[in-house]
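Undergrad: I would like the entire structure built from these sequences, with the hints used as guidance.
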Amino acid sequence: MTTILAVCEQRDGVLRKVSSEVVTGARRIADALGAEVEALVLGSAPASGSDLLGSFGADRVVTLTADGFGAYAPEGYAKAVAERAKGAAVVVCAATAQGKDLAPRIAARLGTGLAADVTEVTAEGGALVAVRPVYAGKALLRVKLTGQPAVLSLRPNVFTPVQRPKAGAAQTVAVPLSAGRVTVKEIKAAEAGALDVAEAPIVISGGRGLKEPANFKILEDLAHAFGGRAAVGASRAVVDAGWRPHADQVGQTGKTVSPTLYVAVGISGAIQHLAGMRTSKVIVAINKDKDAPIFKVADYGLVGDLFEIVPALTAAVKSLA
Amino acid sequence: MKIAVCIKRVPDSETRVKTAADGKSLDDAGVKFILNPYDEFAVEEALQRKEKAGAGEVVVLALGGPAGQETIRTALAMGADRGILLQTDAVPPDAFVTAQAIAAELKAGGPWDLVFFGKMAIDDYNGAVGPMVAELLDLPCVTAVSHLAIEGATVTADREIEGAVEVVRCALPAVLTTDKGINEPRYPALKGIMAAKKKPLDVKAVALAAGVIEVLEMTPPPARKEGKIVGEGATAVPELVRLLREEAKVL
Amino acid sequence: MAPKYHGVDFYAIDSLLSEEERAVRDTVRTWVDGELMPVIGDAYLEGKFPKHLIPGMAELGLFGANLPEEYGCAGLNNVAYGLIMQELERGDSGVRSFASVQGALVMYPIYAFGSDDQKRTWLPQMASGKAIGCFGLTEPDHGSNPAGMITVARETKDGWVLNGAKMWITNGSTAHVAVVWAKTGAPDDSGSIRGFLVPTDTRGFSAKDQKGKLSLRASDTSELVLQDVHLPKDAILPKSGGLKSPLMCLTQARYGISWGALGAAMACYDEAVSYAKNRVMFGKPIGGFQLQQARLAEMLTEITKAQLLVLQLGRLKDQGSMTPQQVSLAKRNNVSMATDVARETRRLLGANGILAEYQAMRHLANLESVYTYEGTHDVHTLVLGQEITGISAFE
Numbered sequence: 001m002t003t004i005l006a007v008c009e010q011r012d013g014v015l016r017k018v019s020s021e022v023v024t025g026a027r028r029i030a031d032a033l034g035a036e037v038e039a040l041v042l043g044s045a046p047a048s049g050s051d052l053l054g055s056f057g058a059d060r061v062v063t064l065t066a067d068g069f070g071a072y073a074p075e076g077y078a079k080a081v082a083e084r085a086k087g088a089a090v091v092v093c094a095a096t097a098q099g100k101d102l103a104p105r106i107a108a109r110l111g112t113g114l115a116a117d118v119t120e121v122t123a124e125g126g127a128l129v130a131v132r133p134v135y136a137g138k139a140l141l142r143v144k145l146t147g148q149p150a151v152l153s154l155r156p157n158v159f160t161p162v163q164r165p166k167a168g169a170a171q172t173v174a175v176p177l178s179a180g181r182v183t184v185k186e187i188k189a190a191e192a193g194a195l196d197v198a199e200a201p202i203v204i205s206g207g208r209g210l211k212e213p214a215n216f217k218i219l220e221d222l223a224h225a226f227g228g229r230a231a232v233g234a235s236r237a238v239v240d241a242g243w244r245p246h247a248d249q250v251g252q253t254g255k256t257v258s259p260t261l262y263v264a265v266g267i268s269g270a271i272q273h274l275a276g277m278r279t280s281k282v283i284v285a286i287n288k289d290k291d292a293p294i295f296k297v298a299d300y301g302l303v304g305d306l307f308e309i310v311p312a313l314t315a316a317v318k319s320l321a
Numbered sequence: 001m002k003i004a005v006c007i008k009r010v011p012d013s014e015t016r017v018k019t020a021a022d023g024k025s026l027d028d029a030g031v032k033f034i035l036n037p038y039d040e041f042a043v044e045e046a047l048q049r050k051e052k053a054g055a056g057e058v059v060v061l062a063l064g065g066p067a068g069q070e071t072i073r074t075a076l077a078m079g080a081d082r083g084i085l086l087q088t089d090a091v092p093p094d095a096f097v098t099a100q101a102i103a104a105e106l107k108a109g110g111p112w113d114l115v116f117f118g119k120m121a122i123d124d125y126n127g128a129v130g131p132m133v134a135e136l137l138d139l140p141c142v143t144a145v146s147h148l149a150i151e152g153a154t155v156t157a158d159r160e161i162e163g164a165v166e167v168v169r170c171a172l173p174a175v176l177t178t179d180k181g182i183n184e185p186r187y188p189a190l191k192g193i194m195a196a197k198k199k200p201l202d203v204k205a206v207a208l209a210a211g212v213i214e215v216l217e218m219t220p221p222p223a224r225k226e227g228k229i230v231g232e233g234a235t236a237v238p239e240l241v242r243l244l245r246e247e248a249k250v251l
Numbered sequence: 001m002a003p004k005y006h007g008v009d010f011y012a013i014d015s016l017l018s019e020e021e022r023a024v025r026d027t028v029r030t031w032v033d034g035e036l037m038p039v040i041g042d043a044y045l046e047g048k049f050p051k052h053l054i055p056g057m058a059e060l061g062l063f064g065a066n067l068p069e070e071y072g073c074a075g076l077n078n079v080a081y082g083l084i085m086q087e088l089e090r091g092d093s094g095v096r097s098f099a100s101v102q103g104a105l106v107m108y109p110i111y112a113f114g115s116d117d118q119k120r121t122w123l124p125q126m127a128s129g130k131a132i133g134c135f136g137l138t139e140p141d142h143g144s145n146p147a148g149m150i151t152v153a154r155e156t157k158d159g160w161v162l163n164g165a166k167m168w169i170t171n172g173s174t175a176h177v178a179v180v181w182a183k184t185g186a187p188d189d190s191g192s193i194r195g196f197l198v199p200t201d202t203r204g205f206s207a208k209d210q211k212g213k214l215s216l217r218a219s220d221t222s223e224l225v226l227q228d229v230h231l232p233k234d235a236i237l238p239k240s241g242g243l244k245s246p247l248m249c250l251t252q253a254r255y256g257i258s259w260g261a262l263g264a265a266m267a268c269y270d271e272a273v274s275y276a277k278n279r280v281m282f283g284k285p286i287g288g289f290q291l292q293q294a295r296l297a298e299m300l301t302e303i304t305k306a307q308l309l310v311l312q313l314g315r316l317k318d319q320g321s322m323t324p325q326q327v328s329l330a331k332r333n334n335v336s337m338a339t340d341v342a343r344e345t346r347r348l349l350g351a352n353g354i355l356a357e358y359q360a361m362r363h364l365a366n367l368e369s370v371y372t373y374e375g376t377h378d379v380h381t382l383v384l385g386q387e388i389t390g391i392s393a394f395e
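Chains as they are written, first to last, in my numbering: chain A, 1 to 321; chain B, 1 to 251; chain C, 1 to 395.
In short, the hints are calculated from the structure, not lab data.
It is possible that some hints are incorrect.
[As the list claims (entries may be wrong)] Examples of chain C residues toward chain B, derived with CB under 7 angstroms:
1) E19
2) E20
3) V24
4) R25
5) W31
6) L60
7) G61
[Claimed, not checked] Taking lysine-lysine pairs in the DSS-like style, the calculated list, with each CA pair at most 30 angstroms apart, reads:
8) B:K32 <-> C:K239
9) A:K138 <-> B:K32
10) A:K211 <-> C:K51
11) B:K191 <-> C:K239
12) A:K166 <-> A:K138
13) C:K208 <-> C:K233
14) C:K119 <-> C:K239
15) B:K249 <-> A:K217
16) A:K296 <-> C:K277
17) B:K191 <-> B:K32
18) C:K208 <-> C:K119
19) C:K213 <-> C:K130
20) C:K305 <-> C:K277
21) A:K17 <-> A:K79
22) B:K249 <-> A:K138
23) A:K288 <-> C:K284
24) B:K197 <-> B:K52
25) A:K281 <-> B:K228
26) A:K281 <-> C:K277
27) C:K277 <-> B:K32
Ideal placement from N, C-alpha and C gives every residue a C-beta, glycine not left out.
TA: Here's what the structure looks like:
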């Protein structure tokens, strides 16, 4: 039976949510091709949460372990996955920070190409067809993958995890590999428990309309009102001005996000910003200038003083909880 | 220090994207082309590393049509020493094929202390050629470097990951792909623009295989349903919340 | 945040430029976007020249860009020089004035009329922005008629003594060196006019900013007073002689201004188009109404004509055949049309057009000075009249 490899991701021994998206995507491909899904986790021991991968469609869950695999080991992981992928039909990764680093290495080791940051994947006549946004999201490219195996990475937050329970039989395989020549020395976590803008289901972004860095507090208050499901993002202007860190930047030279709800506060809507958030499911814009370009992409717009509107919205959201 | 920087000529991000007659590619009439913004960081980093070392050479490499010479000259104007254009009219959508051509050229021109790429191109958003070239050259690689420190032959690089910064180490020689934050690219000075004309620029024809990624079509994104202005000021908030709950169903 | 500026090129004029000329234009455009645009609104309102930009401008090579490389300059051709002025003035006329004075009115006369020693002493420093210069020709009572100047330079046994006053001098209060034009002979002898390099820390020399300007607010405009200013013999620009010398400098500057004014017009037009497409009134963008379309069509036409005019002028200059009268035609036309474009943009912007957040009114105010300085519009009219008919109508 052909195998679709779903390369999952763990950090500090805990499986990351995006792994269920990868398995969901792999399951979709497997169903179209009549294949099996093998969820692959790399670490120093089985990651907590891997037992749930079966519920998203993994026929088996294989943990590849080695010394030095606890943290991300680019070369070791690439070798291990490429080895495991021999004979597989498709290798699916997530287009996370790690996946964007790992997927090309896997593809090159397999001597084949990569379809990166895919938002849709189907099988047509036995071949894999994927859709990927290009030109800052202003166009969609439909591509056929003819590599053996085909290697692709899925854009996070797009392949909503779907329950498709399969056996999920767990296996641990120790591989005789080292971490490799590139090693992770340290992970400097941002504010404890902070949700990354690329992963949060709700993103509240602020721009120059906030007038000064201290005013971002009102966006943080709104984010808190959503009970841990919201992250605060930023436009390029305020990142360049040093008000917010680059990690929070949404846009072409920042992050591409696709949350369920994106609230743009005091952001005019330059094309480079739109490139980073236009695939959000619902977009709300709050701006005092009713001619601001952001209103053209927003599903719902509120024109007015954000310093009045945002606190009112925070209060309203709190009262819903 | 012998440093190579691989760059790409891409359409300006403000480009109005129209599909060409073949239904698969960009109609480039009236399109302004620029040096890929992430590659500017790569060129700048290479120049700074050479300056810090006190001696060396920065070679700029591009793959594409003849107009790529202009893009190479932009990098030469910033201060790179010489350029190489691997000329081909058809650049396949398969990054691996591009990587093979670049790796072959780098192998012939090496050994290198450092090879820089921008983390990704703003036209295709692949971010693959850099790490693929590293695999083909069997060199250690760190991608999306937002801060770089080199002490002797040790590279310490910061990369942004979700909610954190990952600090990675490897030894030279290495392939690094650059992210925003690593430096502030210099403006090409006017003297640099004049000097660029006189710097060596080799054009070599290459023929690339078709690869395993085939473009079926390029289409505009699905139009978003037309939005509406819910109202003005804080008094419109209750209506917004109602719509988000009942219509959009996101609350 | 304003959308990115793309310039104006309706007649594919870019295809008439060489790759270098485009590269020069693009690098200055990017620099203006990154460094000047973010600060110019406030600088204008505060009435301060953004001095902190000088090192960046120098590093880019903007000062004396068309002078030879041996003096630390970029050695560009005159079309490239013009494009630099175009892009600087698309930012602000006052900032472009700084570069015009530094390059065309101080570095140029030192280059054209100075001794090797003077060139070697001053040009590299000025190219690097370490030394700022100003050009002292205009006087309180002698603007359009520089031949009537009353500043005098009396020869003494060990040098010169200068006495007089100059007015409307850009960079005056920040300059390290002033190129001062003075009569060495009789008061009515304009043939005795010579140029002098006056280090501004010389005793007797003072410069004071003129206050209360409503135009060129992001530029330093000063009065210069010379009271028994003693200079050594070698302070004179040896190859200078007669009114012709300062006028040659003015021809250089006016050439750059013809391009600069075009840049201001392009900035205003770009703003007008963007606004017209986005501002909705009576249910559609105002750009859909006939009167606004007529405004925009007029602007585009004038800008396109001016672009072709000034490009050919630059090619003639590079060939060595450009005449001052040809420059008069370009300066007169381009500045006049730019004032019209700025005014019409201001009107199209409606109430928003009076805010510093928008560029039109700042350009409008600045261009009034550009209309008057470097030869008023009317003076250039008579230059052309005389050239056409052979008859002077100046008096």
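Undergrad: Hint by hint, say whether it matches the structure.
TA: The hints, checked one at a time:
| no. | hint | result |
| --- | --- | --- |
| 1 | E19 | holds (6 angstroms) |
| 2 | E20 | holds (6 angstroms) |
| 3 | V24 | holds (6 angstroms) |
| 4 | R25 | violated (10 angstroms) |
| 5 | W31 | holds (5 angstroms) |
| 6 | L60 | holds (5 angstroms) |
| 7 | G61 | holds (4 angstroms) |
| 8 | B:K32 <-> C:K239 | violated (47 angstroms) |
| 9 | A:K138 <-> B:K32 | holds (16 angstroms) |
| 10 | A:K211 <-> C:K51 | holds (25 angstroms) |
| 11 | B:K191 <-> C:K239 | holds (29 angstroms) |
| 12 | A:K166 <-> A:K138 | violated (38 angstroms) |
| 13 | C:K208 <-> C:K233 | holds (27 angstroms) |
| 14 | C:K119 <-> C:K239 | holds (12 angstroms) |
| 15 | B:K249 <-> A:K217 | holds (27 angstroms) |
| 16 | A:K296 <-> C:K277 | holds (13 angstroms) |
| 17 | B:K191 <-> B:K32 | holds (24 angstroms) |
| 18 | C:K208 <-> C:K119 | holds (27 angstroms) |
| 19 | C:K213 <-> C:K130 | holds (27 angstroms) |
| 20 | C:K305 <-> C:K277 | holds (24 angstroms) |
| 21 | A:K17 <-> A:K79 | holds (24 angstroms) |
| 22 | B:K249 <-> A:K138 | holds (26 angstroms) |
| 23 | A:K288 <-> C:K284 | holds (19 angstroms) |
| 24 | B:K197 <-> B:K52 | holds (25 angstroms) |
| 25 | A:K281 <-> B:K228 | holds (15 angstroms) |
| 26 | A:K281 <-> C:K277 | holds (27 angstroms) |
| 27 | C:K277 <-> B:K32 | holds (21 angstroms) |
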